[in-house]
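**Q** Residue strings, one per chain:
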Amino acid sequence: MARDLMFQQEIKETVQRAYAAITGGAGETVARRHYRDHELAEVPPGAVQWALGVGNPVRYARLQPGQTVLDVGSGGGIDTILAARRVGPEGRAIGLDVLEEMCERARRHAAQAGVEGWTEFRRGEMEDIPLPDASVDVAISNGVLNLSARKSRALAEIFRVLAPGGRICMADLTVEGDLPPEVANDQSAWAG
Amino acid sequence: MAERVFAGKLQRAGFADVWVGGQQPFGIDQAALYPLFTPEVIQVMRDTIPADHQAHVATGVIVKARRPQ
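If you read the sequences in order, they're chains A and B.
Note that this note's numbering gives residue 120 to position 120 of the first sequence, counting from 1, and the numbers run on in steps of one.
Heads up, this note's numbering is the position in the second sequence plus 1000, with the first residue counted as 1.
Hints listed in this document are in silico derivations from the structure and should not be mistaken for laboratory results.
Be aware that a few hints might be false.
[To be verified] Covered stretches of chain A, going by a simulated chain B footprint (3 or more residues, C-beta under 8 angstroms):
1. 76-87
2. 94-101
3. 116-125
4. 164-170
5. 178-184
[Stated by the list, open to error] Keeping only pairs whose Cα atoms sit at most 20 angstroms apart, straight-line, the calculated EDC-like set for lysine to aspartate or glutamate is:
6. A:Lys-151 with A:Glu-125
7. A:Lys-151 with A:Asp-128
8. A:Lys-151 with B:Asp-1052
9. B:Lys-1009 with A:Glu-39
10. B:Lys-1009 with A:Glu-28
11. B:Lys-1009 with A:Glu-13
12. B:Lys-1009 with A:Asp-178
13. B:Lys-1009 with A:Glu-125
14. A:Lys-151 with A:Asp-178
[Unchecked claim] So the derived list for chain B, only partly shown, Cβ under 10 angstroms to chain A, looks like this:
15. Ala-1002
16. Phe-1006
17. Gln-1030
18. Ala-1051
19. Ala-1055
20. Val-1057
21. Ala-1058
22. Gly-1060
Built from N, CA and C at the ideal position, the CB exists for glycine as well.
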């Protein structure tokens, strides 16, 4: 068996274990940093409480009615629901998340928002997106790519599912320079 | 991942018109609000990152790109 020299499997398992263990999101305080009042009014309180993102990709994504949008790492569904409202019932919003229980939670939030008719949540990994080639107009994500141990693979998968001319709009964190080794080597920091 | 590395990965994946903007500082106090950062790692960050950098340990960005036609 090939050795996992980049510890990709260990990082993946650590992140998934940490993600599965949380009992809530970052909450309304964080959501209010990234979303305006009218945006928060468009989603149910549960989706706000479960928000874990680091920005507001929907605001920058210039979504149009009728488009198909993929939310990579949809969590509790806040961005998928906002995207669903922008693309409308002629469009389609697809949330992708690695945890089935998070997909279930997001489905409940989408139903509470009244967008369940054109919104779906699928369990899957961003490095192996369960969608056909060229089937998405816009891909969004929010604080998720950094959690992947295989970022280039995840970006290649997003590229594959985007239609020619399709766009990606991501919010994420960048770090310039080196973090102290005590932080960089801490397993729980990988999940954050 | 540094901003230029992020942009480079997008370009190598085949994306065009890569744009990075909307930069916002992300500090330890903000990280502490996220449940994926455990109290232990937050404390390690407070103990090891210089005080004058603790309000800006990372940067929130928006990254946009396009798959060519």
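**Q** A separate judgement is required for each hint: does it hold in the structure or not?
**A** Going down the list of hints, with the structure as the test:
1. 76-87: violated (count 0)
2. 94-101: violated (count 0)
3. 116-125: violated (count 0)
4. 164-170: holds (count 7)
5. 178-184: holds (count 4)
6. A:Lys-151 with A:Glu-125: Status holds; Cα separation ~12 angstroms.
7. A:Lys-151 with A:Asp-128: Measuring from Cα to Cα gives roughly 12 angstroms; hence the hint holds.
8. A:Lys-151 with B:Asp-1052: violated (30 angstroms)
9. B:Lys-1009 with A:Glu-39: Between Lys-1009 of chain B and Glu-39 of chain A the Cα gap is close to 31 angstroms, so the pair fails against 20 angstroms, i.e. violated.
10. B:Lys-1009 with A:Glu-28: violated (32 angstroms)
11. B:Lys-1009 with A:Glu-13: violated (23 angstroms)
12. B:Lys-1009 with A:Asp-178: holds (19 angstroms)
13. B:Lys-1009 with A:Glu-125: holds (19 angstroms)
14. A:Lys-151 with A:Asp-178: Given pair Lys-151 of chain A, Asp-178 of chain A holds - Cα atoms ~19 angstroms apart, limit 20 angstroms.
15. Ala-1002: holds (5 angstroms)
16. Phe-1006: holds (6 angstroms)
17. Gln-1030: holds (8 angstroms)
18. Ala-1051: Violated, because the Cβ-Cβ distance from Ala-1051 of chain B to chain A comes to roughly 13 angstroms (cut-off 10 angstroms).
19. Ala-1055: At about 14 angstroms, which exceeds the 10 angstroms cut-off, the nearest Cβ of chain A leaves the hint on Ala-1055 of chain B violated.
20. Val-1057: holds (7 angstroms)
21. Ala-1058: At 4 angstroms from the nearest chain A Cβ, Ala-1058 of chain B passes the 10 angstroms test, so the hint holds.
22. Gly-1060: Since chain A brings a Cβ to about 5 angstroms from Gly-1060 of chain B, closer than 10 angstroms, the hint holds.
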